[in-house]
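There are 2 protein chains.
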Amino acid sequence: MNVDGKPERTIRVAADGAGVEIIDQTQLPFAFVRRRLGNLEETAEAISAMRVRGAPLIGVAAAYGLALAMRDDPSEAGVSAACQRLMATRPTAVNLRWALGRVRASVRGLPEGERAQRAWARAGELADADVVTCRALAEHGLRLLEKRAAERRDGGPLQVLTHCNAGWLATVDWGTALAPLYLAHDSGLPVHVWVDETRPRNQGASLTAWELAQHGVPHTLVADNAGGHLMQRGQVDCCLVGTDRTTAAGDVCNKIGTYLKALAARDNGVPFYAAVPSASIDWSIGCAGDVPIEERDADELTRVAGRSADGRMMEVSLVPDGTRVANPAFDVTPARLVSALITERGVCDASPEGLERLFPAQAR
Amino acid sequence: MNVDGKPERTIRVAADGAGVEIIDQTQLPFAFVRRRLGNLEETAEAISAMRVRGAPLIGVAAAYGLALAMRDDPSEAGVSAACQRLMATRPTAVNLRWALGRVRASVRGLPEGERAQRAWARAGELADADVVTCRALAEHGLRLLEKRAAERRDGGPLQVLTHCNAGWLATVDWGTALAPLYLAHDSGLPVHVWVDETRPRNQGASLTAWELAQHGVPHTLVADNAGGHLMQRGQVDCCLVGTDRTTAAGDVCNKIGTYLKALAARDNGVPFYAAVPSASIDWSIGCAGDVPIEERDADELTRVAGRSADGRMMEVSLVPDGTRVANPAFDVTPARLVSALITERGVCDASPEGLERLFPAQAR
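Chains A and B, in that order, give the protein sequences. Mapped onto my numbering, the consecutive letters of the first sequence carry residue numbers 1 to 364. Mapped onto my numbering, the consecutive letters of the second sequence carry residue numbers 1001 to 1364.
Bound-form chain A, shown alone (with noise of 0.2 Å):
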């Protein structure tokens, strides 16, 4: 998608090759710095300290991180203790798991001389396969926005509501909630997108609003605690969310908050939709109750960074040391209250049935 006019992209290969550059998230919307991973532990650190975030994002990246470790310690040994240093970087992911499962396999077999440019490839085709998914994705989604725009009465725009970042920045190109929007955008089917802040970590105000912006999406920025409001008033259209982690019964776990959002769609009749990439499903998991929720750090909550009036960045603490802060980072939409799941098969719905339709064991 677009940044000042110019198509860009989350994360590329450095001119030299020696490494791959990301775009350094924690540093939006208020400066684009690109920031140049080299090795295992720059990426490692990068994805913990959400440089680069988004389940799709957090899957390529780390399959860069471990093509890179492998340039350094090629051994069985070096490139399991490097999958393990990554999956520890975000334990709800689980493209994280089937990134690194990807990139293994690649090199099986292999002779270590052999691995780390293999590895490398592997990883450059799954940043290409990514974009080729959410684009898959956006068409799907398209036509639900669609169908959903021919039911409103007064032809203004499409009313979207989505949750946290599931844009461009949470993947390599076009985002999987966003990507829809995106195409219907370009392809001239107004939408406004209402923008929940999502505390914590505020990622629906200083990305998803900075995304939207860059590339002339009309959108609001509201309160998380705004968006039942907005429905119980007619507002909104339908809701599009992302997910982390899909299980194989369709539950959508996602950014904490989602749950409540799709709590106040079904109580106002408004569709609710998770754009789902396959490689976001889980089928090992069928209970929602069995998803590991990441439990993040007090300081998310406690301390906010923004720009102060002489125009530096900075943290403020919103409370006083030693407040007890819980702060878990995700939680689980259950498949009853989900319309649909927007894949890039196909749509379909949020139960085994449907997923099966879509993804027969098979051919996963």
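Simulated from the structure, these hints should not be mistaken for laboratory data. Only a predicted model underlies this, so the values are computations on that prediction, with no experimental measurement involved. Watch out, some of these pointers could steer you wrong.
[Said to hold, decoys possible] In silico DMTMM-like pairs for lysine to aspartate or glutamate, Cα to Cα no more than 25 Å straight-line:
1. B:1006 x A:321
2. B:1147 x B:1186
3. A:6 x B:1321
4. B:1006 x B:1139
5. B:1006 x B:1186
6. A:147 x A:186
[As the list claims (entries may be wrong)] Taking beta-carbon pairs under 8 Å as the criterion, some of the chain B residues facing chain A (in silico):
7. 1030
8. 1205
9. 1206
10. 1221
11. 1226
12. 1228
13. 1229
14. 1257
15. 1259
16. 1301
17. 1307
18. 1314
19. 1316
20. 1325
[Stated by the list, open to error] Computed spacing ranges between beta-carbons, pair by pair:
21. A:190 x B:1018: 57 to 63 Å
22. A:295 x B:1353: 40 to 46 Å
23. B:1362 x A:190: 52 to 58 Å
24. B:1322 x A:12: 26 to 32 Å
Backbone N, C-alpha and C fix where the C-beta goes; we use that ideal spot for every residue, glycine too.
Chain A is already provided as a structure; the job is to place chain B on it using the hints.
What follows is chain B alone, placed relative to chain A:
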């Protein structure tokens, strides 16, 4: 309730009798500062800027403001203008209208020279009555909490989730939603309070967490987004919130986001209670959609005040200037989602019949 071990009220007559002293709540939780209000304008500014906030406290502050206005201009025209000025400060809080009506009625027919003194005395009566009301509400609420506590099998503290600040800082003393919790704590029933941050103004983080800490009540701060997840995981025994205006049908208008918590409570079988002093009931409104919802300034969402690393209070911007924002301050939780209303006259169903039983039309 206690601050630093010493009992305090949110508003008190200044030693010289020429004004009132409030706690400037915009400076909490980092500084406990009293501020003097000596005339109408200072009072109106304190309400608009939310130096005093919370429906019951707004009512009492406005009553004093009207009395102060009469010292300058006790004419009918002057009293009307003062009422209009004060009414315009916060359109949603029904207590404001209620308190101004009470003070106005007290001076009806009095010679202009006697009005200011009478109004001042009436404002003092309203302040004292608010304490009595909150204390009575606390007793009725405590009985509900005792029932919930008896259902816990493990003997652990009763887990209560609250939203925004309906504590003693929102009233003259005791509070509304927090009043039963203070009484429970003081009487040896162990409670633990989940405190919603309450974006965009962070009243939970800066006021509720602060006052619970000052009084020694165990609590944990969470993002507004977290409540649904906590309820899904069985970590909430009941929700207990305040109200800015409750309709005759039992619909509860309260801080934006309350409705989302009520939906989660219903979905997880968690009782959802609203603490409703009768002055917050708007007998003239039967339909939830008719409650006027205050739309507040975008800055509340886009700028966050806090303490910098070097100890200064400052504000940071979360998004670039020009980001479009919507900021509805309240939502309405329909009566069907409210398990019970806790009033100073007892507990009732959230229904016209429930309210009518406690407050028959002839005895309101």
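Verification of the hints:
A distance of roughly 22 Å separates the Cα atoms of residue 1006 (chain B) and residue 321 (chain A); the hinted pair therefore holds under the 25 Å criterion. A threshold of 25 Å between alpha carbons decides the hint, and for residue 1147 (chain B) with residue 1186 (chain B) the separation of about 17 Å falls inside it, so the pair holds. Only pairs whose Cα atoms come within 25 Å are accepted, and residue 6 (chain A) paired with residue 1321 (chain B) is accepted, the gap being roughly 22 Å. Only pairs whose Cα atoms come within 25 Å are accepted, and residue 1006 (chain B) paired with residue 1139 (chain B) is accepted, the gap being roughly 22 Å.
Of the supplied pair hints, the one linking residue 1006 (chain B) and residue 1186 (chain B) holds, its CA atoms being roughly 15 Å apart against a limit of 25 Å. For the hint linking residue 147 (chain A) to residue 186 (chain A), the alpha-carbon distance of about 17 Å falls within 25 Å, and the restraint holds. Nearest Cβ of chain A to the Cβ of residue 1030 (chain B): about 7 Å, under the 8 Å cut. The hint holds. A least Cβ separation of about 5 Å between residue 1205 (chain B) and chain A falls short of the 8 Å threshold, and the interface hint therefore holds.
The interface hint given for residue 1206 (chain B) is met, as the beta carbon of that residue sits about 7 Å from the closest beta carbon of chain A, less than 8 Å. Below 8 Å, beta-carbon pairs count as interface contacts, and residue 1221 (chain B) has one with chain A at about 5 Å; its hint therefore holds. Interface restraint check for residue 1226 (chain B): the shortest CB-CB distance to chain A comes to about 6 Å, inside 8 Å, so the restraint holds. A cut of 8 Å between beta carbons decides the hint on residue 1228 (chain B): the least distance to chain A is about 4 Å, and the hint holds.
Look at residue 1229 (chain B): its Cβ gets to within about 4 Å of chain A, closer than 8 Å, so that hint holds up. Satisfaction of the interface hint for residue 1257 (chain B) is found here, the shortest Cβ-Cβ separation to chain A being roughly 3 Å, below the 8 Å cut-off. For residue 1259 (chain B), the interface hint holds, since its Cβ comes within 8 Å of a Cβ in chain A; the closest pair sits about 4 Å apart. Interface hint status for residue 1301 (chain B): upheld, as the beta-carbon distance to the closest one in chain A is roughly 6 Å, under 8 Å.
The interface hint given for residue 1307 (chain B) is met, as the beta carbon of that residue sits about 5 Å from the closest beta carbon of chain A, less than 8 Å. Interface hint at residue 1314 (chain B): satisfied, since its Cβ lies 6 Å from the closest Cβ of chain A, which is below the 8 Å cut-off. Checking residue 1316 (chain B) against chain A: minimum C-beta separation of about 3 Å stays under 8 Å; hint holds. Hint status for residue 1325 (chain B) relative to chain A: holds, with the closest Cβ pair at about 5 Å, below 8 Å.
Separation of residue 190 (chain A) from residue 1018 (chain B) is about 59 Å and conforms to the stated range, judged on CB atoms against 57 to 63 Å. As the Cβ distance of residue 295 (chain A) to residue 1353 (chain B) is approximately 44 Å, the hint placing it in 40 to 46 Å holds. Between residue 1362 (chain B) and residue 190 (chain A) the beta carbons are some 55 Å apart, a value that agrees with the proposed interval 52 to 58 Å. Between residue 1322 (chain B) and residue 12 (chain A), the C-beta spacing of about 29 Å keeps the proposed range 26 to 32 Å intact.
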